[in-house]
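Q: Construct the complete structure from the given sequences, taking the supplied hints into account.
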Amino acid sequence: MMLIECPHCGPRDENEFRYGGQAGVAYPERPAELGDEEWAAYVFMRDNPKGWFHERWFHTSGCRTWFTVHRHTVTHEIRP
Amino acid sequence: MNFLFDGRSYTGLPGDTLAAALLRNGVRIVGHSVDLGRPRGVFSAGSEEPNALVQVGADPMVAATTVELHEGLTARSLRGRGRVDPAAADERRCDKGYLHADVLVIGAGPAGLAAALAAGEAGARVILVDEQPRPGGDLLNSRVVLDGAPGQAWAASAAARLAMLPETRILSRTTAIGYYDHNYVVAVERRPGGERLWHLRARRVVLATGAHERSVAFPGNDRPGVMLASAARAYANRYGVLPGRRAVVFACADSGYEAARDLAAAGAEIAAIVDPRGGPDRVTGVVTGVVTGVMTGVVTGTTADGDGVLDGVLVGDRLVEADLLAVAGGWSPVVHLFSQSQGRLRFDEELQAFVPHLSAQAERSAGACRGVYGTAAAIADGLAAGRQAAELTGFAQPVPVPRVPESDEPEPSPPAALWVCGDDPAASFADLHRDVTVADLARATGAGLSSAEHVKRYTTAGTGADQGKTSAVPGVVAALLGTGPGTTTFRPPYTPVSFATLAGRDRGPLSDPIRVTAMHDAHVARGAVFEDVGQWKRPWYFPLPGETMEEAVERECRAARTGVAAMDASTLGKIDIRGRDAGLFLDRVYTNLYSTLPVGSCRYGVMCTADGMVFDDGVTSRLADDHFLMTTTTGNAAQVLDWLEEWHQTEWPRLEVAFTSVTDHWATVAVAGPGARRVVAAIAPEAVDLPFMTFTEFAHGRVFRISFSGELAFEINVPWPYGRAVWERVLELGAVPYGTETMHVLRAEKGFAIVGQETDGTVTPQDLGMGWIVSRRKPDFVGKRSHARPDTARTGRKTLIGLDTHVPEGAQLTLDGRMVGHVTSSYPRAVLAMARGVGEGQRLVAHDGGREIPVTVVAPVFYDPENLRRDGDPFVQGGVSSFEPVRHSPAGNFAARFEAASKERVRLREVPFVPMWEVRGQDPGRGLRLGPAWWLVTGERPEGGVEVSGQRTVLEISGPGAREVLLTGCPIDLHPSVFTGHAQTSLAKAGVILERVGQDAYRIYVRSSFAAYLSEWLLDALTAYVASFRK
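Those protein sequences? They're chains A and B, same order as listed.
Under our numbering, think of the first position of the first sequence as 1, with each following residue one higher.
Under our numbering, think of the first position of the second sequence as 81, with each following residue one higher.
In case anyone wonders, no lab produced these hints; they're calculated from the structure.
These numbers come from a predicted model, not from an experiment.
A virtual CB, placed ideally from N, CA and C, is assigned to each residue, including glycine.
Careful, some of the hints might be misleading.
Which chain A residues stay away from chain B? Per the calculated CB distances, all over 10 Å, these [unchecked claim]:
1) 54
2) 62
3) 70
Listed next, the stretches of chain A that the computed footprint assigns to chain B, with coverage defined by at least 3 CB atoms under 8 Å from CB atoms of chain B [claimed, not checked]:
4) 20-27
5) 36-50
A: Structure (structure tokens):
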């Protein structure tokens, strides 16, 4: 059970949060103008690195804030 | 103390383990081995025991070496494996608890006690976890002298000093079983009434878990009478039990000499000491006078009497008569938790053991568990580890450091690098628990297996309940392969844990939260049969006496189609949405338009995920220009709120809109049927003339004119406290109560799809034949672009169809032998299916198990396709009595039980009907701040507040024991220095806002639908606490 630092509530157990996958994947400005490949890349394709990863977490059981965590996917080390 | 073992009665002494008591009574054979059925005796004196496995009460398999004797204990021997008896009465009341510390020390031997002292006296919050009934570790078993006094006196004095520290907590009889991410350690405390599973989180961990003595694989090394030297010493010193009269000591390590000395002192005859090393001078001194000489060599076999119990030891050609063979094979540092923490091990050639190498977490090992042997050295190492842990957690102030005492132990010398000897591999056991011999291991390596992991899987060595803690397997495999020893992954739990312990109090009615509506008690009183919908209990149908389900549903349907019927629709998710951009936001998340919806109107909408698939549906009403009320499906309420907040926070933070869950605040009664107006008129006369898809406010709430049955229907929304009264009134007025089954029949007959029934995450609105709800005018909405993807836009996708024949849900449909679809909803008069490439009139085959049923495709509307029924019967003016509903609070029924359970140390009550408001955006200057721009305010209505008085109720727990009760279900740190105000977190399995309102008083704000569950849980926790306090 990881301990995740919520920017509002402080450190809480992992099961108070919902995982939101890779961070920084923005909704495209004008989806209608994208080709099928580009759109599919937005909808379906995400990085899955072995190592450091910027990812989104949502504090469902607490303040209900989305925030970004920098986590090592092998060691679970979390950097501020 | 009297006890029964295998039906015979014996007497032991207080403080005995079952193993000690059995040895005290001369019981040599305690069980038989798992595969070969060989007689086995007590091998160790701790939780590493591979042999002496017994059944105690409902616990099917425990090590006799870990069972504390008590009057009347009843145990049975096992053949290596226990069997759960589901019918056995389990009187245990297990629970769990959460604690937080600066420094967690695991093991209260010399190193652990020293570490706890150093950290605790520096001011750190310390938890010391130890498996034994009292601190001391190996000092309890030994006769070591520290500063001229028995080592146990040092341990007692250290424990006494720890007890003086207010922020130090010692958990005895507690075994740390798992070490997980971010210094999360799980431990099992054996309490009189049942185990407690502790969830411990620490900023630093000191592992002081000691070392296990290991065995050597030689022929006949499994006979009762063969025992670890450290165990023989423990029985002699600690329990005053001689495990044998005439002993041979196989001293591959110095501990053999200590055992020989102590056994002799206890009155045993030492027949021989066999030391492959020849007996290093500095240790043989301790046995001068005990034995005439040390034989250089190895044990090559054993002999046994008719029962299979040891009666002789072979050393080469020489047979030495003996009833005890004490084996000192060397030590295996207990690296299990270190390895579980993902730390890396290395093999130390001198120690012939695996020791911690690279840490992966904020921990440090101290003492024997990292190969630092000797009492004084372990204490010094523990002090250093404790001091370091304190410094690293901010307790660096200089304090007098406890002194390292002088020990009378000789300098340790390296053990023999000996894991296997003798020449009968088939009789030499490498893993006693699993009956794995050297010959078995040789077969594995002979088959080409060269890694320890593969050998383990091939032979099962190390997979027993003891996880091979004392086994010689790594060294034997290395010897067979001619390589260095390899190790397998250490996995939790360190010792076996029963499921009852893991379940704790989460069993029976508390196994999962049961969410109920404001009308639940009325449903129960009416004999409703309930259906689980997620965590909700929803009435499935309301049978009259003697009625079958079919009859009840038929009657309920008839009432809704021809008269008037009512359903509790409170479980539908409800989200209050307000803000200048609320309409714009809804345009982006729904497939249809909401910004154009007139105030006072309702609109049905469908939401898609970004891949274009249907995610949820429901009716959203416009309460004001900047204010909407969204309803969601029962099952998706939480996900939809998450979804809205995700899009708002992560994609469109500039939109001025805020979301507040009001699911529990509003109780909803759906009144359906041509006669519905008459019922609604008696409660909310304003609603009688409502046009379809509009709503009105009334004295106690709102009435919406929406329908999920095709009939004239209203949904009456009132705050939770009024829900029950409104429901009762509606039924008094003649509405027939109906449940979810009838709701499904009514909607299926109208061809209304249900999210999660007709859809499964691969279905678009167009697939459901609902292209009409997908806006072509809007430039974008979530999912729009995906509707133009080649796969979603193609023809030949599964679409919603009807079938003319009642075939079971889930039946597969074929056309000319090709699978074309499946049945999604099925009722006598309405069958819906998803199928591809078929048209009305086409003949298909439905497959139900082995049956093939011919069916014909029809339009997916089975009732009133022209929507003629929608407006029902006209209203006939009648006598309308005024309606003054009484209030019920969510935990109102518990008042008497709360009162009865409240004792001096802890009290429980509901604070009902607290007016509550949620405020977003602007700081109201009072209340509890729940999020960056989110407050809960009680009392007077704040500006811009959303009323949520019915959304939660307040339970108050107070008294000096309140914190101890809360920590059995609340994972956050409740220490008064940390938890000063309030927090939004969980208690048991319910989300709560916890507020500290006094030194020992807490308010728990809990969702109304969870209030009954949490009340039951708190009563249970409180009763358990009061009971444990009496003990």
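Q: Would you mind marking each hint as holding or not holding in the structure?
A: Checked hints:
1. 54: Correct as stated: the minimum Cβ-Cβ distance to chain B is 13 Å, above 10 Å.
2. 62: violated (5 Å)
3. 70: holds (15 Å)
4. 20-27: holds (count 3)
5. 36-50: holds (count 6)
The structure fails to meet hint 2 from the earlier list, while all remaining hints are met.
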